[in-house]
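So the sequence lines, in the order shown, correspond to chains A and B. Every letter in the first sequence is one number past the one before it in my numbering, and letter 50, counting from 1, is 50. Every letter in the second sequence is one number past the one before it in my numbering, and letter 89, counting from 1, is 1089.
Think of the hints as simulated: they come from the structure by calculation, not from any bench. Just so we're clear, the structure is a prediction, and the values are computed from it rather than from any experiment. For glycine and all other residues, C-beta sits at the position ideal for the given N, C-alpha and C. Don't take every hint at face value.
The following label-pair restraints were derived from C-beta to C-beta distances [stated by the list, open to error]:
#, chain 1, residue 1, chain 2, residue 2, range
1, A, E90, B, D1064, 51 to 59 Å
2, B, R1155, A, A128, 39 to 47 Å
3, B, L1106, A, Q66, 46 to 54 Å
4, A, A141, B, A1070, 27 to 35 Å
In silico negatives: residues of chain B with every beta carbon more than 12 Å from chain A [claimed, not checked]:
#, residue
5, D1009
6, L1025
7, R1098
8, P1102
9, E1135
Next come the chains, spelled out residue by residue.
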Amino acid sequence: MTSESSGGADSAAPRAVLAGHADFAAGMASAIAQISGRADAFVLMTNRGCSAEEIEARLRSALDEQRLRVVFTDLPAGSCTLAARRLQRERPDLVLVTGANLAALLDFVFAAEGTDDDAAAAAAHAAAHAAEKGRAALAVAARPSAGARGAA
Amino acid sequence: MPLELYRIDDRLIHGQVVVGWGRPLDIGFIVLVDDEVAASEWEQELYRMGVPPEMDVFFHGVDDAVAAHARYANDRRRGILLTGDIDTMARLVDGVRRSGTPPQILAVNLGGVHHRVGRAQRMRYVFLTPDEEAELRALAGRGVQITAQDVPSARPVPLDELLAGRATA
């Protein structure tokens, strides 16, 4: 099985699938757990050793089992991304965020969870917000100016 | 040879192809040969969305690809030709040979043929049915060099080694 919940003993219900190459999802979950203790927001999935058909089948069952409609993936050209795009054909309300980074995932983790009735809608809204945060976090850091370094 | 790589990969366009091979080989275009994808606008759009804007993707069924092969092989940009299965690549290689139009396809890369019922594991990312093995041996017998290699930094594993079960990669 290539998918697993990242939750601990007191884990909450997952709100999204986090899928990518090799240990991308597990690595991100490890970082999220260290920072926030909340990696339980994600069902983790790897494409390792899987055909395109297998990835799609596993993604479909991960979404169905947890009644999820948000997927985060690593690369726009990745096989998990393509599988999620295929699933969007049969489920138009599936939200896919590609190019996920740690900032985006952390933002999602801390977004309001919503009640049981609107959990999926809240997760979809949170995913859009998380994508903005992730995009904003990606930057070439400017070199501090000499004045700033000498200050204080 | 502007078509730098003839690759069999059941994921077709994905990260290993676009980034793993695409970047070091400075790939400007991908030729995706698949009868099913060539007949579906929706599938083509799906794969097109996966590549960066500076990379072109062309879709062909096998017969079209045979006719268009020389044009792609003489493109000034470097390209990758992809098929999703062994049979499609074998039909393409044979079609180009029969057409008599150079260049011939001399080398084929096994990039990903994953587990399916009836296939036996030969490597981490290569599983083959007896028929697929026979098809690969036949291609090799016609002078095509066949190696398994998922990414450029990996050692290319020759077909004989792969089928003898000695490959560890």
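Evaluated hints:
no., hint, verdict
1, A/E90 with B/D1064: 51 to 59 Å, "violated (29 Å)"
2, B/R1155 with A/A128: 39 to 47 Å, "holds (44 Å)"
3, B/L1106 with A/Q66: 46 to 54 Å, "holds (49 Å)"
4, A/A141 with B/A1070: 27 to 35 Å, "violated (49 Å)"
5, D1009, "violated (9 Å)"
6, L1025, "holds (15 Å)"
7, R1098, "holds (30 Å)"
8, P1102, "holds (32 Å)"
9, E1135, "holds (18 Å)"
The structure does not agree with the numbered hints 1, 4, 5 stated previously, though it agrees with the rest.
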